[in-house]
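Here the protein sequences line up with chains B and V, keeping their order.
With the working numbering applied, the first sequence has no gaps in its numbers, which climb one by one up to 300 at the end.
With the working numbering applied, the second sequence has no gaps in its numbers, which climb one by one up to 565 at the end.
Worth flagging that the hints you see were computed from the coordinates, not collected in a lab.
Using N, Cα and C, we set each Cβ at its ideal position, and we do this for glycine too.
Each hint should be verified, as a subset may be incorrect.
What the hints assert, rightly or not - Here's a subset of chain B near chain V, in silico, CB distances under 8 Å, partners left out: (1) Y158; (2) D160; (3) G162; (4) L163; (5) Y169; (6) E170; (7) I172; (8) R174; (9) D240; (10) H241.
So the chains spell out like this:
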Amino acid sequence: MSDATQSAAAIPARDPTYNFAYLDEQTKRMIRRALLKAVAVPGYQVPFAGREMPMPYGWGTGGVQVTASILTADDRLKVIDQGADDTTNAVSIRKFFQRTAGVAVTEKTAEASVIQTRHRIPEAPLADGQILVYQVPIPEPLRFLEPRETETRKMHAYQDYGLMHVKLYEDIARHGHIATTYAYPVKVEGRYVMDPSPTPKFDNPKMSDCPALQLFGAGREKRIYAIPPYTKVESLDFEDHPFTVQSWEQRCALCGAEDSFLDEVLTDDKGGRMFVCSDTDYCGDRRAQGFRGEAAEDAA
Amino acid sequence: MTSSSEDLDAQPLLAVEDLAKRYGRHMGCEAVSFRLWPGEVLGVVGESGSGKTTLLNCVAGRLTPDAGRVLYSDRLGAVRDLHGIAEPERRMLMRTDWAFVHQNPRDGLRMGVSAGANVGEPLMAVGARNYGAIRSAAGDWLAKTEIDVGRIDDPPRTFSGGMQQRLQIARSLAAGPRLVFMDEPTGGLDVSVQARLLDLLRGLVTELKLAVIVVTHDLAVARLLSHRLLVMRGGRVVETGLTDQVLDDPQHPYTQLLVSSVLQP
Numbered sequence: 001m002s003d004a005t006q007s008a009a010a011i012p013a014r015d016p017t018y019n020f021a022y023l024d025e026q027t028k029r030m031i032r033r034a035l036l037k038a039v040a041v042p043g044y045q046v047p048f049a050g051r052e053m054p055m056p057y058g059w060g061t062g063g064v065q066v067t068a069s070i071l072t073a074d075d076r077l078k079v080i081d082q083g084a085d086d087t088t089n090a091v092s093i094r095k096f097f098q099r100t101a102g103v104a105v106t107e108k109t110a111e112a113s114v115i116q117t118r119h120r121i122p123e124a125p126l127a128d129g130q131i132l133v134y135q136v137p138i139p140e141p142l143r144f145l146e147p148r149e150t151e152t153r154k155m156h157a158y159q160d161y162g163l164m165h166v167k168l169y170e171d172i173a174r175h176g177h178i179a180t181t182y183a184y185p186v187k188v189e190g191r192y193v194m195d196p197s198p199t200p201k202f203d204n205p206k207m208s209d210c211p212a213l214q215l216f217g218a219g220r221e222k223r224i225y226a227i228p229p230y231t232k233v234e235s236l237d238f239e240d241h242p243f244t245v246q247s248w249e250q251r252c253a254l255c256g257a258e259d260s261f262l263d264e265v266l267t268d269d270k271g272g273r274m275f276v277c278s279d280t281d282y283c284g285d286r287r288a289q290g291f292r293g294e295a296a297e298d299a300a
Numbered sequence: 301m302t303s304s305s306e307d308l309d310a311q312p313l314l315a316v317e318d319l320a321k322r323y324g325r326h327m328g329c330e331a332v333s334f335r336l337w338p339g340e341v342l343g344v345v346g347e348s349g350s351g352k353t354t355l356l357n358c359v360a361g362r363l364t365p366d367a368g369r370v371l372y373s374d375r376l377g378a379v380r381d382l383h384g385i386a387e388p389e390r391r392m393l394m395r396t397d398w399a400f401v402h403q404n405p406r407d408g409l410r411m412g413v414s415a416g417a418n419v420g421e422p423l424m425a426v427g428a429r430n431y432g433a434i435r436s437a438a439g440d441w442l443a444k445t446e447i448d449v450g451r452i453d454d455p456p457r458t459f460s461g462g463m464q465q466r467l468q469i470a471r472s473l474a475a476g477p478r479l480v481f482m483d484e485p486t487g488g489l490d491v492s493v494q495a496r497l498l499d500l501l502r503g504l505v506t507e508l509k510l511a512v513i514v515v516t517h518d519l520a521v522a523r524l525l526s527h528r529l530l531v532m533r534g535g536r537v538v539e540t541g542l543t544d545q546v547l548d549d550p551q552h553p554y555t556q557l558l559v560s561s562v563l564q565p
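Chain B extracted, bound-state conformation (with noise of 0.2 Å):
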């Protein structure tokens, strides 16, 4: 397993210099009343003043402010990036929260009252309390379709959506069965189609009926939206073409398990590959419980 909790350690406690968690408070009131709009009305985009954060517009801004305002001194923050703690976006994420807020961090998923992530939900089971933060690029689903926002806002607000159904029926048509395999459509509580963020579609069912709060921030597009605790969270789908989640012929390499989703990863330059949770959280979890993948003992 990574070393980040212990590495972590060493960084101060919090830099003096910075408002708490980097936001002044004013921005963070205004961030906040955007996700309380947000939270009131499940699925719908709520506009709000995005501001420069110091990292560039593609590593997570949006889901960065979200944070930065709903976090507190006692929250203990947990970042993944693809399921990862150990990743580029998420330990530089981790530091800076360290660094302005001084909040406790971990990679338990069950630990975690905050947890930002870029791509996946985590594959434990999320519980009331706990706030899951997205990283958003595009929050708009239909905007491929439709590139007037005028447009796609008036289709939002009169539920104008069966154009969504037309990029489904296209993928049916060229592939023969719903292509789209992130950036899943989903329709919250029956009303608003959302874009669930580039989470691959095996975590769409995730989000239906969830204990814990979900915000989507999208820092370039300055967009905030939510789905509250306990919300049905329905993929768009045809009758004769339901929703079906990604599935793999193979388990974990490392930890046996079945039920995850699992990233193929290339081991040399003879065509080996192994399959991993991309979880990592998940996959040490499992083999600290003592279930072991067929790659075990040489990846150990």
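Assemble chain V onto chain B, guided by the hints.
For chain V alone, kept in the frame of chain B given last:
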């Protein structure tokens, strides 16, 4: 008020009252009134800039007129003021009861998705959620508009101009409208393709008992398709009447000029 079907027939599908639209100081159209009955094809002719397209857009709800009303009687016989109802209701009407055929098929089609998706979109917009059913309906419409069903998965940009226009017609008719607006449907097509398209349109309009308002500057198109004509000039209607009557015995000097300026091959 005896039998309901008689009443429906007695009621105009569309009543336009004193419609006016200005673009700043310029007049688009003014004091236009007419009625359209179910199954009737009304031609609007006139030179460029005479306000034909402005009139069509106001009547079709694509432009808001400055004065006047457009009254539409829906499938249940209720009369609705097109510019008085809320926008969602108007958009719903446009999806379910009306269709618009643009002069340039690129304005009416989604060029990025397949022909089948183009024809299926109006069905999906009104709630069709069965892929097989949508696809077979799209196939039927392609066949009706004389497009090879084998091209169902090809994007419209690979189609010829005439095919694109026929595809646009298939798309506009797919959701079963009662009223179709056409803006120069044969403009920009060569003569033989025009003839074929007109033939097809005439067949479909009769078969589906559609009411149509067709705007054209081509008197041949007007004569072939429409039952009744409105002649426009400078934003005003200068003459109306049965098509043959207007074209064979024009009364207004402008209509006389228009009819006499058609080239006889």
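Here is what the structure says about each hint:
1. Y158: Holds, because the Cβ-Cβ distance from B/Y158 to chain V comes to roughly 4 Å (cut-off 8 Å).
2. D160: holds (7 Å)
3. G162: holds (3 Å)
4. L163: Holds. Min distance 7 Å.
5. Y169: Since the shortest Cβ distance to chain V is 5 Å, the answer is holds.
6. E170: holds (5 Å)
7. I172: holds (6 Å)
8. R174: holds (7 Å)
9. D240: Nearest chain V Cβ about 5 Å off; hint holds.
10. H241: Where the cut-off is 8 Å and the nearest Cβ of chain V is about 5 Å from B/H241, the hint holds.
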